[in-house]
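Please arrange chain B on chain A, whose structure you already have, making use of the hints.
Protein chains: 2
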Amino acid sequence: MAMPAPSQLIDVAVRRKPADVAIRGGRVFNLITGELLTADVALVGNRIAAVGNDYHGKNEIDARGLTLTPGLTDAHCHIESSLVRPYAWEEAVLRRGVVNAVCDPHELANVCGIPAIEYFRQCAARMILHLQVQIPSCVPALPSEQAGAHLPAADIAPYASAGCALAELMNVPGVLGKDPDTLAKAAAFHKHPIDGHAPGVSPDAINALAAIGVTNDHECSSVAEAVTKLRLGWTLFLRLGSVGRDLKALTSLFSPTLCDRLCLCTDDADPLNIVERGHLDAAVRLAIEAGCDPLAVYRAACLTPARHFGWRNRGLIAPGYAADLLLMPDLAECRAERVFCSGQEVTEARLAERPPEPDYSAFLHTVHGREWNAQDFIPPPPGAVIGVRDGQLLTDVLDWEAAQDDLAIGALIERHGHSGQIGRAWVHGFGLRRGALASTVGHDSHNLCVVGASAADMALAANAVRACGGGFAVACEGTVTACLPLPLGGLMSTGSVAEAADALATLRQAARETGTPLSSPFLSLAFLPLPVIPAARLTLSGYTSVSL
Amino acid sequence: MAMPAPSQLIDVAVRRKPADVAIRGGRVFNLITGELLTADVALVGNRIAAVGNDYHGKNEIDARGLTLTPGLTDAHCHIESSLVRPYAWEEAVLRRGVVNAVCDPHELANVCGIPAIEYFRQCAARMILHLQVQIPSCVPALPSEQAGAHLPAADIAPYASAGCALAELMNVPGVLGKDPDTLAKAAAFHKHPIDGHAPGVSPDAINALAAIGVTNDHECSSVAEAVTKLRLGWTLFLRLGSVGRDLKALTSLFSPTLCDRLCLCTDDADPLNIVERGHLDAAVRLAIEAGCDPLAVYRAACLTPARHFGWRNRGLIAPGYAADLLLMPDLAECRAERVFCSGQEVTEARLAERPPEPDYSAFLHTVHGREWNAQDFIPPPPGAVIGVRDGQLLTDVLDWEAAQDDLAIGALIERHGHSGQIGRAWVHGFGLRRGALASTVGHDSHNLCVVGASAADMALAANAVRACGGGFAVACEGTVTACLPLPLGGLMSTGSVAEAADALATLRQAARETGTPLSSPFLSLAFLPLPVIPAARLTLSGYTSVSL
Numbered sequence: 001m002a003m004p005a006p007s008q009l010i011d012v013a014v015r016r017k018p019a020d021v022a023i024r025g026g027r028v029f030n031l032i033t034g035e036l037l038t039a040d041v042a043l044v045g046n047r048i049a050a051v052g053n054d055y056h057g058k059n060e061i062d063a064r065g066l067t068l069t070p071g072l073t074d075a076h077c078h079i080e081s082s083l084v085r086p087y088a089w090e091e092a093v094l095r096r097g098v099v100n101a102v103c104d105p106h107e108l109a110n111v112c113g114i115p116a117i118e119y120f121r122q123c124a125a126r127m128i129l130h131l132q133v134q135i136p137s138c139v140p141a142l143p144s145e146q147a148g149a150h151l152p153a154a155d156i157a158p159y160a161s162a163g164c165a166l167a168e169l170m171n172v173p174g175v176l177g178k179d180p181d182t183l184a185k186a187a188a189f190h191k192h193p194i195d196g197h198a199p200g201v202s203p204d205a206i207n208a209l210a211a212i213g214v215t216n217d218h219e220c221s222s223v224a225e226a227v228t229k230l231r232l233g234w235t236l237f238l239r240l241g242s243v244g245r246d247l248k249a250l251t252s253l254f255s256p257t258l259c260d261r262l263c264l265c266t267d268d269a270d271p272l273n274i275v276e277r278g279h280l281d282a283a284v285r286l287a288i289e290a291g292c293d294p295l296a297v298y299r300a301a302c303l304t305p306a307r308h309f310g311w312r313n314r315g316l317i318a319p320g321y322a323a324d325l326l327l328m329p330d331l332a333e334c335r336a337e338r339v340f341c342s343g344q345e346v347t348e349a350r351l352a353e354r355p356p357e358p359d360y361s362a363f364l365h366t367v368h369g370r371e372w373n374a375q376d377f378i379p380p381p382p383g384a385v386i387g388v389r390d391g392q393l394l395t396d397v398l399d400w401e402a403a404q405d406d407l408a409i410g411a412l413i414e415r416h417g418h419s420g421q422i423g424r425a426w427v428h429g430f431g432l433r434r435g436a437l438a439s440t441v442g443h444d445s446h447n448l449c450v451v452g453a454s455a456a457d458m459a460l461a462a463n464a465v466r467a468c469g470g471g472f473a474v475a476c477e478g479t480v481t482a483c484l485p486l487p488l489g490g491l492m493s494t495g496s497v498a499e500a501a502d503a504l505a506t507l508r509q510a511a512r513e514t515g516t517p518l519s520s521p522f523l524s525l526a527f528l529p530l531p532v533i534p535a536a537r538l539t540l541s542g543y544t545s546v547s548l
Numbered sequence: 001m002a003m004p005a006p007s008q009l010i011d012v013a014v015r016r017k018p019a020d021v022a023i024r025g026g027r028v029f030n031l032i033t034g035e036l037l038t039a040d041v042a043l044v045g046n047r048i049a050a051v052g053n054d055y056h057g058k059n060e061i062d063a064r065g066l067t068l069t070p071g072l073t074d075a076h077c078h079i080e081s082s083l084v085r086p087y088a089w090e091e092a093v094l095r096r097g098v099v100n101a102v103c104d105p106h107e108l109a110n111v112c113g114i115p116a117i118e119y120f121r122q123c124a125a126r127m128i129l130h131l132q133v134q135i136p137s138c139v140p141a142l143p144s145e146q147a148g149a150h151l152p153a154a155d156i157a158p159y160a161s162a163g164c165a166l167a168e169l170m171n172v173p174g175v176l177g178k179d180p181d182t183l184a185k186a187a188a189f190h191k192h193p194i195d196g197h198a199p200g201v202s203p204d205a206i207n208a209l210a211a212i213g214v215t216n217d218h219e220c221s222s223v224a225e226a227v228t229k230l231r232l233g234w235t236l237f238l239r240l241g242s243v244g245r246d247l248k249a250l251t252s253l254f255s256p257t258l259c260d261r262l263c264l265c266t267d268d269a270d271p272l273n274i275v276e277r278g279h280l281d282a283a284v285r286l287a288i289e290a291g292c293d294p295l296a297v298y299r300a301a302c303l304t305p306a307r308h309f310g311w312r313n314r315g316l317i318a319p320g321y322a323a324d325l326l327l328m329p330d331l332a333e334c335r336a337e338r339v340f341c342s343g344q345e346v347t348e349a350r351l352a353e354r355p356p357e358p359d360y361s362a363f364l365h366t367v368h369g370r371e372w373n374a375q376d377f378i379p380p381p382p383g384a385v386i387g388v389r390d391g392q393l394l395t396d397v398l399d400w401e402a403a404q405d406d407l408a409i410g411a412l413i414e415r416h417g418h419s420g421q422i423g424r425a426w427v428h429g430f431g432l433r434r435g436a437l438a439s440t441v442g443h444d445s446h447n448l449c450v451v452g453a454s455a456a457d458m459a460l461a462a463n464a465v466r467a468c469g470g471g472f473a474v475a476c477e478g479t480v481t482a483c484l485p486l487p488l489g490g491l492m493s494t495g496s497v498a499e500a501a502d503a504l505a506t507l508r509q510a511a512r513e514t515g516t517p518l519s520s521p522f523l524s525l526a527f528l529p530l531p532v533i534p535a536a537r538l539t540l541s542g543y544t545s546v547s548l
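Residue numbers (the working numbering), protein chains in the order written: chain A, 1 to 548; chain B, 1 to 548.
Don't take every hint at face value.
Identical copies look the same in the list; a pair holds intra-copy or inter-copy alike.
[As the list claims (entries may be wrong)] The calculated DSSO-like cross-link candidates involving lysine-lysine, where the alpha carbons are at most 30 angstroms apart (straight line), are:
#1 K178 x K17
#2 K178 x K248
#3 K58 x K17
#4 K17 x K248
#5 K178 x K58
#6 K191 x K17
#7 K178 x K191
If you're looking for bench data, these hints aren't it; they were derived computationally from the structure.
Only chain A is shown next, with the shape it has when bound in the complex (with noise of 0.2 angstroms):
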């Protein structure tokens, strides 16, 4: 819906017009007070023109018997991990009552560049939902892999003349050795709130972070890593997502005290996740099943982000603000019963009526390379074993001998069409006794990772996935008996949200059959190359450990 004039906004607040929409007879949750108030709601256009007693409008909706809550945001999320375009995940997630997002494209940016930026940002202006696409810093996130782009400060500046923040700051050796290429990207943004990526760092860094414009991190595990960034004026987004769970140990950071800096983030949701859990809103359900004050919580989830990204109309249903509401049964639950966005109810009609989806062609075939074949599996060398802890980033260097019980051939495949090089390493922690899983989801450069107990099923794997432009593979005894094709860039699928949590779970069933006990074991396989978290990693060299 267009934005109104004010004076048609007037009209409606003085009862000189009926509303478009009037929601009538619902609690309003007042996100200032903490009051729950029977009241109705004035909608016109895209905006709130009144909330008070006595409201009409053209169009009526009876909310008698439930409960508005603003739409919710997500802080913080890479949409790549929801294996699907950002239309497809919108669909999915603006029925879970999420309405505003900030999204860090830095996956598709690894493989396709500027391009993928621009492909977020002409989506962003389509969509229903509010979708604030940051600029990645850190593409590549080291200087010495080989992603498919590079991105360095002169190429992203334009974007801040343009209006946008710069995500995550993940760079952290590089601020404090005042890297010229990373301080020129701080500086760039500098107009803008910069996200900070900052796990357990010391208060020496959070200060350097801080004094050159980082407001946020979305990264503290434990309340006392949380309240050292807190007092040192940071906002923080406390996440549930796949991978990184932590809110579970954070609920206690939920106060009246606190709320206006705390919001709620997923980071990465992979689609099962949305399916089966939820998206934000089961971070609101995990944190008031712990028994938090639903106005703390609901702040974070709707007003403190507005406030910390500068949007001064969001996250509050008061007279100006953006006609974005949840009614629910319960608050607790927080199960949208309708959704309205824009001051339209979101339906399957108005998803249908979105403008047409940006051309994505560009990032198909993604995957470069040869057909390979068992020889370039050969296991490398007796050596130190990389070893994978089940639901976590870490890793750990293993010795040799210790790690016999269960060792498994890693390889990552140069695939953007550079180097064709082949890295290989052992593996410990994956648990197959037969097969292989290939994954072009290899953080962040995104090269093609394979792990099997077999050569020649991790040639067949990692050709499955080339031949469907990049995705997940499982391949057991010279058949491969999964494959989830991700053609965009070889991270999102052309599907749904469902179809690719279907896909997932067929995936996961053939992974258990190769022995896997991994919980996630594409996830696994996805991180084992991320060279910015310790201990041991898979790259183009092979072995590697890293410290930070």
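Here is chain B on its own, set in the frame of chain A:
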């Protein structure tokens, strides 16, 4: 001090280099967590580079035994009410710990128009404290007024492009009635929060004002009124000035839940008030003395206004924030022993280093008209009488018979060089037994107001203020017994706050000798013509009744 380069801040944060200034060993009041934690604060240029233990500097300040708070913010004020120029006002309020202020120069703008706004903006650019100059929205207050200037939307819209915000939108009937000029002003300034002025208006009117961009109000005088406005999303500026002292009735609002929507302001603080009671520091003291939580009060005094106005780096002692700090022995007393603003201590020497004061000669000689004589002040015929209440802006409509115990002649003289018109009316409540008072401060058009028991003394007082280019005067039985020249626009003196306070004390004493029991006779006189507050006013047409 200049903005430091990010690399300088990093070097200090990670202890590679000493700070410019290290304030060591004080107890830092953390406005996020509410803790008082002993820490060093490292300053580089105009910024805080780090807060933590064992920071050292080229210049070290021993803060042991003292508490550190951020500097205070006056969220809404008219500097002209201090009766001195911005440079002189700054000298007084900086000592009181005020480092940020949002001013509306609508008094001088009513006399001198756009050059008045330019003057305040030039002052702001050269002053030490951070002065945000809002653009007056209602000059004159009503279309019927004969002010010195008239500022329609087209004249002020360029300031919106320059990033300015719109000052208190007093014309509530104009908004509700969709007055095109008023709506054009709101539309031009829609990118920034618009200041409100909505004493006691209906919820429908609040909805209408909020829906077109008004975000705050400083006119609440009861908790019920405040809660109504808070529920509808407004931030409230609780006022403790010379006239409006509403804060006393509103202290129960200070809670952790609400304090992120509460600010403090003075609105109008006269020089005697500043010298004797204090400025914004007096509001902090009053609230804490009333039993309010110091965290809630200091948030309202420091952090909430910064967030409301979108100042990302102000109002907190944290890295990256402006180096504005107060060192005080006691939080409840709020008397700063040392004040740091933009990284430098506020001292006589620092004040002397300010750039030359902007030229104000354009604002001299604003009192126009011939020499007045007793014939100009002949009593009006018997009729309705304006009833003045001590210490209030509201007036009463009194019957002629009921007012016989205390009648004075009131006169308002057009003094901007237009008509020279003189309006006369009977006034009750001044208690004058002899003599006359005259003032070129006469809200909001600032025509020359005179009240007296003797027409001859009225002429004498009026000519006395005319002779000095504007100001206040008392005449008694043929002699001018006291006079405070206010030659800048007839509103501000060329001296200091202390000098103005002394002169005002002398004037009040001289006024006592005319018999008036009013606590602030010149304030009562100055508000006698204000045409937007009920119930009876003195206008250029004589007696006028006012209803809203």
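Evaluation of the provided hints:
{"no.": "1", "hint": "K178 x K17", "verdict": "between (59 angstroms within a copy, 14 angstroms between copies)"}
{"no.": "2", "hint": "K178 x K248", "verdict": "neither (35 angstroms within a copy, 51 angstroms between copies)"}
{"no.": "3", "hint": "K58 x K17", "verdict": "within (10 angstroms within a copy, 66 angstroms between copies)"}
{"no.": "4", "hint": "K17 x K248", "verdict": "neither (48 angstroms within a copy, 40 angstroms between copies)"}
{"no.": "5", "hint": "K178 x K58", "verdict": "between (59 angstroms within a copy, 22 angstroms between copies)"}
{"no.": "6", "hint": "K191 x K17", "verdict": "between (41 angstroms within a copy, 26 angstroms between copies)"}
{"no.": "7", "hint": "K178 x K191", "verdict": "within (20 angstroms within a copy, 36 angstroms between copies)"}
When the structure is compared with the earlier hints, violations turn up for hints 2 and 4 and for no others.
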